[in-house]
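Asker: Throw the hints in and build the complete structure from the sequences for me.
Protein chains in written order, with the numbering used here: chain H, 1 to 319; chain V, 1001 to 1264.
Quick caveat, the hints were computed from the structure, so don't treat them as lab data. Among the hints, erroneous ones may be present.
[As the list claims (entries may be wrong)] In silico lysine-lysine, DSS-like type, Cα no more than 25 Å apart, as pairs:
{"no.": "1", "chain 1": "H", "residue 1": "K162", "chain 2": "V", "residue 2": "K1047"}
{"no.": "2", "chain 1": "V", "residue 1": "K1158", "chain 2": "V", "residue 2": "K1221"}
{"no.": "3", "chain 1": "V", "residue 1": "K1045", "chain 2": "H", "residue 2": "K162"}
{"no.": "4", "chain 1": "V", "residue 1": "K1125", "chain 2": "V", "residue 2": "K1221"}
{"no.": "5", "chain 1": "H", "residue 1": "K233", "chain 2": "H", "residue 2": "K188"}
{"no.": "6", "chain 1": "V", "residue 1": "K1129", "chain 2": "V", "residue 2": "K1221"}
[What the hints assert, rightly or not] Listed below are several chain V residues computed to face chain H (Cβ distance under 8 Å; list not exhaustive):
{"no.": "7", "residue": "G1095"}
{"no.": "8", "residue": "R1096"}
{"no.": "9", "residue": "E1097"}
{"no.": "10", "residue": "S1106"}
{"no.": "11", "residue": "A1107"}
{"no.": "12", "residue": "G1108"}
{"no.": "13", "residue": "S1115"}
{"no.": "14", "residue": "A1117"}
{"no.": "15", "residue": "G1119"}
{"no.": "16", "residue": "M1120"}
{"no.": "17", "residue": "I1122"}
{"no.": "18", "residue": "A1123"}
{"no.": "19", "residue": "A1150"}
[Stated by the list, open to error] Among chain V residues calculated to face chain H with C-beta under 10 Å, some are:
{"no.": "20", "residue": "G1059"}
{"no.": "21", "residue": "S1109"}
{"no.": "22", "residue": "L1114"}
{"no.": "23", "residue": "V1116"}
{"no.": "24", "residue": "V1118"}
{"no.": "25", "residue": "A1121"}
{"no.": "26", "residue": "K1129"}
{"no.": "27", "residue": "M1152"}
{"no.": "28", "residue": "A1153"}
{"no.": "29", "residue": "Y1157"}
Even glycine gets a Cβ: it sits at the ideal position worked out from N, Cα and C.
Chain residues, written in single-letter form:
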Amino acid sequence: MNHLINKGNKPTKTGFGEGLLEAGLRNPAVVCIGADITTSVGCNFFAEAFPLRFISLGIAEQNCIGVAAGLALEGKIPVFSTYGVFAALRTTDQIRVSLCYNNLHVVIGGAHAGVSVGPDGATHQALEDLGMMRILPNMTVLSPCDATQTRVATIAAIEQVKGPVYLRFGREAMPDFTSGTMTFEIGKSQLLVAGDDLTIIATGHMVWEALQAAEILETKGLKARVLNMHTIKPIDKEAIIRAASETGAIVTAEEHQVIGGLASAVSEVVVQNCPVRMAFVGMQDSFGESGDPGELMEKFGMTAEAIASAALRLVSRQT
Amino acid sequence: MATTIRKSVISSLARAKSGHLGGSLGLADIFTTLYFSVLTHNPLKPKWTDRDRVILSIGHVAPVLYATLAHCGYFSVEELQTLRKLGSRLQGHPGREHGLPGLELSAGSLGQGLSVAVGMAIAAKMDHKKHRIYSIHGDGELQEGSIWEAAMAASHYKLDNLIAIVDRNGLQIDGRTEEVMSLEPLAGKWQSFGWQVIECDGNSIEQLLSAFGNTGTAQNKPTVIIAETIMGKGIRSIEGDYRWHGKVPTTEKAVEFIEQLAKQ
Ligand SMILES: [Mg+2]
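Answerer: Here it is, written out as structure tokens:
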């Protein structure tokens, strides 16, 4: 039923690195700031290609944001990446005042999203970053679904946005199933599977799981609509309202706390426009832990099966 | 000119009925020296690319920046009376989105300005530009860890186009800096971070001129001017009184203060 097939597993951070390199080749104003974990967050391609445009600042994230602000004031397009837990949380005040209040075009890459980071455990699994970044005025928040889309989204973040951007990606090799020629517009979700019985709105790694969930549901006689919400802010209100009014039930799926992230963003639109029953798949207000990525996704209920059973419960409750 | 700026600071704060008087008065001589003698700038062309940049990291002393910019001709002196009012371009802490000419950065959360100045200085080096970046800091602000992250980066990148100015008045809201959280040996700290350090009396135009004149003499090093100032300078009755950090004068007091200044 869905035409999207996995071309092979690939980490989304590689897509970020490729997109950064491509944008860097096109525009000499693009510069990159490193905070010691350059290769781990995919910035090595750029750093090797443009050593004079790569600024190493060490393990000092607060300073990285301020320096990025200064570079942006002078017409550079700084891209700064580190693990999302540090990129979005250690530096929230710097991002709020130096970047957002000044409305400066800086692209922040938030790496190591979600529990699929795996064995490093809770301190390094970013699960609150989307919520933290989403509430800041002037901020754009992107959460692409696979490596190919992360490359496309990175280029769009660098070339199309005027203010600050937070772009989230993961560490583990995950299904790479979108095509580079698919239309990608910031703020416009993608309809991946048509259906009218309910809608699954997913973001990041959970989009692939949502596609599998739709197949499970089909065997139970339910046709689920699947939306890829790659932009968390500005959220695609129109598609959400349409999903609510046309399908009457919404399941959100994210590798993030259900408090503050996609679930909250979608709910805010639903309750104000077309209240329908909803269920939230994601982290249920807890920290992650060490383990294999797959094991952790299962333990914390972020799988196709978890989405499908949430959907079945939701629909049966309604009838 | 410093006296004129002090008068504007007092009257705009009295009108605003809230704000920070002490620091603004203490910094009046530094701002006068910078904007009227040191900077390469053109108030008629605030976005001129070769201008020297001034980053005010301590946004709470915005009144002295606003008064200086107005007396330089960036905007009218009358506009100073709108300080902190709804719809004003003169926000309580500087905000660029309101479009005030000559304002380089929205700031007010302490500890962030030096990083921004470092970013601007790196950009200038990348583009082979000759302008300088001046960033202005409080002494209490130096307790923020991010200042030292930025200080490390400035010397790592040999930013000799960057001059930081520390308003060393020895005071912060809770009292004396050395009691709240000691900063000494302050010059030694900057030196060990790889900076050229110049110490001077920050309320003496003569000493400030010679301090600024000595910046840029240490090649490949950023410079910090540790300027010893007196909080509330110019108004005898409040000089050195930390309770005037975040206080404003009543209308009657403001008249009295301005009269005191007129006699000097
Ligand atoms: Mg002080």
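Asker: Evaluate each hint against the coordinates.
Answerer: Taking the hints in turn, this is what the structure says about them:
{"no.": "1", "hint": "H:K162 with V:K1047", "in the structure": "holds (19 Å)"}
{"no.": "2", "hint": "V:K1158 with V:K1221", "in the structure": "holds (5 Å)"}
{"no.": "3", "hint": "V:K1045 with H:K162", "in the structure": "holds (24 Å)"}
{"no.": "4", "hint": "V:K1125 with V:K1221", "in the structure": "holds (13 Å)"}
{"no.": "5", "hint": "H:K233 with H:K188", "in the structure": "holds (10 Å)"}
{"no.": "6", "hint": "V:K1129 with V:K1221", "in the structure": "holds (17 Å)"}
{"no.": "7", "hint": "G1095", "in the structure": "holds (7 Å)"}
{"no.": "8", "hint": "R1096", "in the structure": "holds (6 Å)"}
{"no.": "9", "hint": "E1097", "in the structure": "holds (7 Å)"}
{"no.": "10", "hint": "S1106", "in the structure": "holds (5 Å)"}
{"no.": "11", "hint": "A1107", "in the structure": "holds (7 Å)"}
{"no.": "12", "hint": "G1108", "in the structure": "holds (7 Å)"}
{"no.": "13", "hint": "S1115", "in the structure": "holds (2 Å)"}
{"no.": "14", "hint": "A1117", "in the structure": "holds (6 Å)"}
{"no.": "15", "hint": "G1119", "in the structure": "holds (2 Å)"}
{"no.": "16", "hint": "M1120", "in the structure": "holds (4 Å)"}
{"no.": "17", "hint": "I1122", "in the structure": "holds (6 Å)"}
{"no.": "18", "hint": "A1123", "in the structure": "holds (4 Å)"}
{"no.": "19", "hint": "A1150", "in the structure": "holds (5 Å)"}
{"no.": "20", "hint": "G1059", "in the structure": "holds (9 Å)"}
{"no.": "21", "hint": "S1109", "in the structure": "holds (4 Å)"}
{"no.": "22", "hint": "L1114", "in the structure": "holds (7 Å)"}
{"no.": "23", "hint": "V1116", "in the structure": "holds (4 Å)"}
{"no.": "24", "hint": "V1118", "in the structure": "holds (5 Å)"}
{"no.": "25", "hint": "A1121", "in the structure": "holds (7 Å)"}
{"no.": "26", "hint": "K1129", "in the structure": "holds (9 Å)"}
{"no.": "27", "hint": "M1152", "in the structure": "holds (7 Å)"}
{"no.": "28", "hint": "A1153", "in the structure": "holds (6 Å)"}
{"no.": "29", "hint": "Y1157", "in the structure": "holds (8 Å)"}
Consistency with the previously given hints is maintained throughout, with no hint failing.
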